[in-house]
Amino acid sequence: MFRTIVVGTNWSGTADVAFAKALELARSGGAALHVVTAHDPSPAPVVGGPASPAAGPDFQADVALERTLERLGAPDFLVRLHTATAEPGQAILQVAEDVDADLIVVGNRGMHRRVLGSIPNTVSHRASCDVLIVQTA
Amino acid sequence: MFSSIVVGTDGSETADRALTRALEMARLTGARLLVVSAYAPTAARVTGGAPATEAAEWSVGPDFEVEGVLNRAMVRARSEGVEIEARAPKGDPADAILAVAAESGADLIVLGSRGMQGARRVLGSVPNKVSHRAPCDVLIVQTG
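Chains A and B, in that order, give the protein sequences. Just so it is clear: in the first sequence, position 117 is 116 by numbering that gives the first Met the number 0, and no numbers are missing. Just so it is clear: in the second sequence, position 38 is 37 by numbering that gives the first Met the number 0, and no numbers are missing.
So here's chain A without its partners, still in its complex pose (with noise of 0.2 Å):
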């Protein structure tokens, strides 16, 4: 059904939610599965930090992708890391654009519950495929 399969996640608990159901969707459609993680550069950067922002969150996200997949199952499908300094749901829609996906899958909650958060919001409205908001709270 779904091919080509995007995941946002910040690696909270509540982001597994969603990246477990993308995971299980993409296992039983063999889809490939594409884990965007992002951090917005708009906080101001902490001076004397890392020279390139890359670096650190890079190594970051792999070790935490890694652990979630062991705590989820190991897949046997493809899972590409993609990370991004840019807003967070503008990376998952641009990543989706480069890798043509069909679907996005997004947790539902931003900062406050109870509010559908700014980046399933933002994604749900701009994406050009489908979409499947997970409902993590």
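In short, the hints are calculated from the structure, not lab data. Quick reminder that beta carbons are idealized off the backbone N, C-alpha and C, glycines included. Keep in mind that the hints are not guaranteed to be accurate.
Partial list, computed: chain A residues near chain B (C-beta under 7 Å) [claimed, not checked]:
#1 M0
#2 S27
#3 E86
#4 L115
#5 S123
#6 H124
#7 C128
#8 D129
#9 V130
#10 L131
#11 I132
#12 V133
#13 Q134
Put chain B on the given structure of chain A with help from the hints.
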């Protein structure tokens, strides 16, 4: 993954794509399907009428149309071996779909990305409202 799927349709060609996806999801997960047709008829169908109020829209015999839409969906689902039921609630489509989902304990709502009058690539008001208030997962099928 899913055991009870609610899909909204207005019988349009674009809504049929959402139904197709919902049938695929049902087959993939073994879920039962609940098809809901609650989309209010457009004002244009009220020939020569005054600006349509909600009551007026629903007074021109939409039951008959809705029944046809639901019957077609049910015939299609059964031909594909998917267990299906139909609901034809009246009123605001988003509210009706949310109510059916809550009552039936659905774990997924499937909707097209736009309504009949929606512009391309703009999320329709029904999927927008449902995605903000749903008690369960929502799959928005790109139908633009």
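Violations among the numbered hints, reported as their numbers in ascending order: Going through the list in order, the structure violates hint 3 alone and respects the others.
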